[in-house]
Amino acid sequence: MTGEQIAMVDIYIMGKRYNVPETLTIIDAMEYAGYRLTRGCGCRAGFCGACATVYRLAGDYELKVGLACQTKVEEGMYLAQIPFFPGRKAYYDLDEIEPLAAHFAQLYPEVFRCLGCGSCNKVCPQDIDVMQYIAYLQRGDFARAADLSFDCLMCGLCVSRCPANIVHYNAALLGRRLYSRYIANPDPFLAERVKAIEEGKLDTEINEMVEASKEKLQELYNNREIEK
Amino acid sequence: MVYTPQLKELMKKVEETRPSRVGVDYPRMSPEERREVLQQFHPDYIEDGFREIKVGVDKGVRMPVEMADVFESYSRLGDFKLDSDSETDYDVDVLIIGGGGAGASAALKAHENGANVMIATKLRLGDANTMMAQGGIQAADKENDTPAIHYLDVVGGGRLENVPELARALVMDAPLVIKWLEDLGTMFDKKEDGATITGHGGGTSRKRMHTARDYTGAEIMRTLRDEVYNKRITVVEFSPAVEIILDKDGRAAGAVLYNLETEEYEIARAKTVIIATGGSGRLHYRGFPTSNHYGATADGLILGYRAGAKTLYADSIQYHPTGGAYPPQLLGLLVTEKTRGLGATPLNINGEQFVYHLETRDVESSAIIRECEERGLGVPLPTGIEAVWLDSPLIEEIHGEGTIERQLPAMLRQFKRFDVDIRKEPMLIYPTLHYQNGGLIIDDNACSTVENLYVAGEASGGVHGTNRLMGNSLLDVIVFGRRAGYHAAAKSKEISTPEGLNLEHVTAYHKELDETGAADGRTGPILLPHYTHR
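Chains as they are written, first to last, in the numbering used here: chain U, 15 to 242; chain X, 2 to 535.
One should not assume that every hint holds.
The calculated DSS-like cross-link candidates involving lysine-lysine, where the alpha carbons are at most 25 Å apart (straight line), are [to be verified]:
hint	chain 1	residue 1	chain 2	residue 2
1	X	Lys192	X	Lys143
2	U	Lys242	X	Lys192
3	U	Lys136	X	Lys208
4	U	Lys103	X	Lys232
Hint data in this document are derived by calculation from the structure and do not stem from the laboratory.
Remember, predicted model here, so these are calculated numbers, not experimental data.
Using the sequences and the accompanying hints, generate a full structural model.
Structure representation (structure tokens):
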């Protein structure tokens with residue numbers, strides 16, 4: 015691209031036309047156009063879900079979605095961001111609930127109103143089988159729901175399209191927390207290590223290190239054994 | 002198929018040498034070799050990137066030029082003065098500035114310790130580098146490991162410049178933190194029996210890297226955020242702090258917040274204040290691209306410094322060896338160290354390995370810069386920059402097909418979006434600006450050199466010496482977030498409502514700027530980077 019002409023495309027940010035280089039992501043293109051973003055921009059690396067965007071290409075009827083930081087602009091792209099969606103979150107004390115479908119239903123009853131339309135799957139920028147994990151949640155199969163929903167960024171696009179008003183990402187988060195807390199086995203050695211630390215049993219060893227001279231530490235470091 | 006025909010031709014060399022590289026470890030550098038490559042090629046040693054700061058409590062201290070520029074700036078408040086008539090908009094025990102992993106942990110601990118807590122944050126709760134930390138979190142919680150062994154890795158990797166009691170706190174709290182997170186329902190990678198699956202990171206001597214696929218930070222952050230909401234802790238979003246408020250005795254007593262959307266200022270009074278604002282990658286030191294969050298603009302450092310908090314190792318910046326270099330949409334993006342942890346190796350234009358793949362980050366980065374700059378063996382890219390290969394397909398040769406999809410789903414997805422299949426095609430990488438090793442000085446209660454002002458996470462300095470290891474940053478934010486929250490809450494119970502709130506330290510700082518001419522009209526913190534019309 016050095017020395018070569020970068021091709022430009024027309025995009026329409028909330029209907030207004032801007033001419034931008036075709037190599038840019040939507041976020042970069044908005045900034046190129048002069049926007050200084052506060053909403054709709056976060057990690058810029060596809061992890062935070064701040065920049066959910068809906069768009070349509072000129073001449074096409076289909077509404078598409080993407081994360082603005084992970085989607086390249088295209089000629090004739092009409093776009094708008096959905097930086098926030100007013101989804102409901104249930105409040106709970108994790109200590110007080112059990113990993114049962116009945117408890118889950120009290121917190122997120124709307125999950126059971128799923129119409130099976132698959133709109134959520136169509137809009138998920140992470141390509142998660144959202145409808146399937148909703149089915150697992152309905153059955154109280156939190157292990158499968160946790161596994162399947164794990165890569166969710168909580169961008170909210172699924173919620174924006176759901177005719178049953180399900181807040182998938184919050185329901186999935188509860189599912190994962192229930193699974194991790196109550197269904198997955200606790201680490202077999204961790205509690206013992208925590209107890210040893212709290213009882214001061216590892217103090218002598220660590221204090222020797224903390225008080226060691228730099229020369230001594232350097233020698234220990236250079237000759238330390240490394241696990242294969 | 003985004004790689005150009007030229008790149009595809011070069012890629013053949015990687016494929017040719019691959020069979021001979023499977024299962025063969027490239028030798029590690031000797032201590033002398035490590036020192037040499039650092040001094041010649043690490044950006045921390047390149048003098049024209051630094052200058053001395055002219056004002057404030059650390060006058061004369063060396064900083065990156067870009068950091069000194071934002072430190073030497075006038076308040077956004079101009080000569081606004083607080084007086085006894087100024088109305089307070091919020092009145093709390095503990096004010097936490099910043100809504101990342103450190104801020105959220107601090108909030109939960111302060112709340113648990115009985116304090117009335119509020120988080121004020123620049124963007125959304127959870128918009129932070131924590132969310133982007135992929136590779137893992139270290140803790141010595143296996144039988145062949147102890148906190149003392151972890152300590153040796155931390156200080157050896159940190160060039161023996163770590164503050165000992167901070168490194169001690171880091172490693173001793175680590176297993177407690179894993180337990181705390183597990184109890185909160187954080188979904189770590191586990192075996193059937195519940196044992197956490199742990200691996201190596203650069204510079205670790207034991208396999209103690211706990212992971213949640215390659216979304217480790219995101220998994221921790223969303224769990225903490227959910228819990229902050231469950232506890233009904235007050236969260237004020239899109240409201241960065243722009244100045245710390247002091248009381249009549251010069252102790253921290255709140256902050257002035259700026260609502261980014263209504264452009265109004267608000268005053269929050271608090272008995273204790275915690276700065277948890279993260280790092281500064283978006284200042285783009287030496288023009289490097291960054292893996293950092295959009296909001297990483299050193300805000301807390303500047304506010305704390307103006308209020309009199311001293312800094313440590315402000316001139317120590319971490320460059321992550323594997324930042325995305327191509328395609329251009331991925332420039333600067335973090336390629337998680339877990340990729341190398343699983344066996345991917347850096348290769349030059351001839352498909353040859355030139356450095357052990359798990360040296361500490363400073364050494365690995367320096368070796369990559371040397372390969373391109375000195376040896377001329379980088380891969381030239383159509384964008385005009387150079388890079389080296391990171392042989393991700395080697396992972397599947399070592400661990401079997403499907404490993405990348407299971408272990409690196411985020412990486413696979415991110416490259417796929419721009420038409421690179423990292424299971425079959427090696428990645429193109431170059432060091433990216435990743436982490437601020439230094440920051441505001443704290444003690445092991447996370448208290449700064451200003452009374453009632455606490456600092457936790459990347460905004461603090463000393464924990465990691467002058468080079469942090471992978472997996473110790475997620476650990477740092479939780480360990481010191483918890484400590485800051487606990488101690489700030491305890492302290493708030495000992496003191497009554499602060500009186501004589503003022504910004505006289507700002508006035509004094511302005512006077513110094515006037516006298517030295519250092520600010521050159523700049524105001525700060527910048528709050529957000531300027532990317533318009535670039």
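Verify the proposed pairing of Lys136/U with Lys208/X, using a straight-line Cα cut of 25 Å.
Outside the cut-off at roughly 40 Å; violated.
Take a quick look at whether Lys192/X and Lys143/X sit within 25 Å of each other, Cα to Cα.
Satisfied, since the Cα-Cα distance of roughly 14 Å is no more than 25 Å.
Verify the proposed pairing of Lys242/U with Lys192/X, using a straight-line Cα cut of 25 Å.
It holds: about 19 Å lies between the C-alpha atoms, which stays within 25 Å.
Lys103/U and Lys232/X were given as a pair; does the straight-line alpha-carbon distance stay at or below 25 Å?
holds, 12 Å
Going down the numbered hints, you'll see the structure goes against just number 3.
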